[in-house]
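J.: One-letter residues, chain by chain:
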Amino acid sequence: EADIYQTPRYLVIGTGKKITLECSQTMGHDKMYWYQQDPGMELHLIHYSYGVNSTEKGDLSSESTVSRIRTEHFPLTLESARPSHTSQYLCASRRNTEAFFGQGTRLTVV
Amino acid sequence: DQQVKQNSPSLSVQEGRISILNCDYTNSMFDYFLWYKKYPAEGPTFLISISSIKDKNEDGRFTVFLNKSAKHLSLHIVPSQPGDSAVYFCAASGFIIQGAQKLVFGQGTRLTINP
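Residue numbers (our numbering), protein chains in the order written: chain Z, 1323 to 1432; chain Y, -9 to 105.
Don't read these hints as lab results, they were simulated from the structure. We put the beta carbon where it would ideally sit given N, CA and C, even for glycine. None of the hints are false.
Using 20 Å as the maximum straight-line C-alpha spacing, the simulated EDC-like pairs for lysine to aspartate or glutamate come out as follows:
1. Z:1353 x Y:21
2. Z:1379 x Z:1352
3. Z:1340 x Z:1385
4. Z:1353 x Z:1381
5. Y:-5 x Z:1360
6. Y:28 x Z:1420
7. Y:58 x Y:48
8. Y:46 x Z:1420
9. Z:1353 x Z:1394
10. Z:1353 x Z:1378
11. Z:1340 x Z:1401
12. Y:44 x Y:21
13. Z:1379 x Z:1401
14. Y:58 x Y:21
15. Z:1339 x Z:1385
16. Y:28 x Z:1360
17. Z:1379 x Z:1360
18. Y:61 x Y:45
19. Y:44 x Y:14
20. Y:58 x Y:45
21. Y:28 x Z:1325
22. Y:44 x Z:1420
23. Y:-5 x Z:1381
24. Z:1353 x Z:1325
Listed below are several chain Y residues computed to face chain Z (Cβ distance under 8 Å; list not exhaustive):
25. 92
26. 93
27. 97
So here's chain Z without its partners, still in its complex pose:
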């Protein structure tokens, strides 16, 4: 059973608002990831981290930012939400082999 949690599960928010999507894992994994997925599409890597104080941009350009101050916590922030940010955001963590995913956050910006 994977111990990785994302909150909130669903979020509807107005344009221009600042939001933070939370992701926490209790497995002590060094590597953490944020993926973005639109319905019927592939998962696109937007951010990843190898450990505390390490963050990198992924393959898909994103206006979001991330931080990794603690091993277990990898929050994603959007300073000013726009309708184009509407998507599902998936957080994952990994030691060496398989990655475990959280339940995801379905974000809708109106």
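Got chain Z; can you put chain Y on it based on the hints?
T.: Leaving out everything else, chain Y in the frame of chain Z:
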């Protein structure tokens, strides 16, 4: 540049028969491959994986085959059950690709098991 490709967006299989999902990759530096199952509005669930030093890995009803020369892997589910209906993603990883341990995903295949 799509490094991991699942060319079949959907697949429909009769309950009890075998489901075969296919995945192709282009980068020979990938050395670890995984299959995930995903329901709408949920995160992907890990199913089975295979290292590049093997050509087959089996776990219950799920078997993954790897053909390195063809850069192809497949997931076999037998017998298929209605609860297997979901989107299946293939993913690949390589420790020395761009200095990263990123997982690269395919586009997914929607599997529907018909009673």
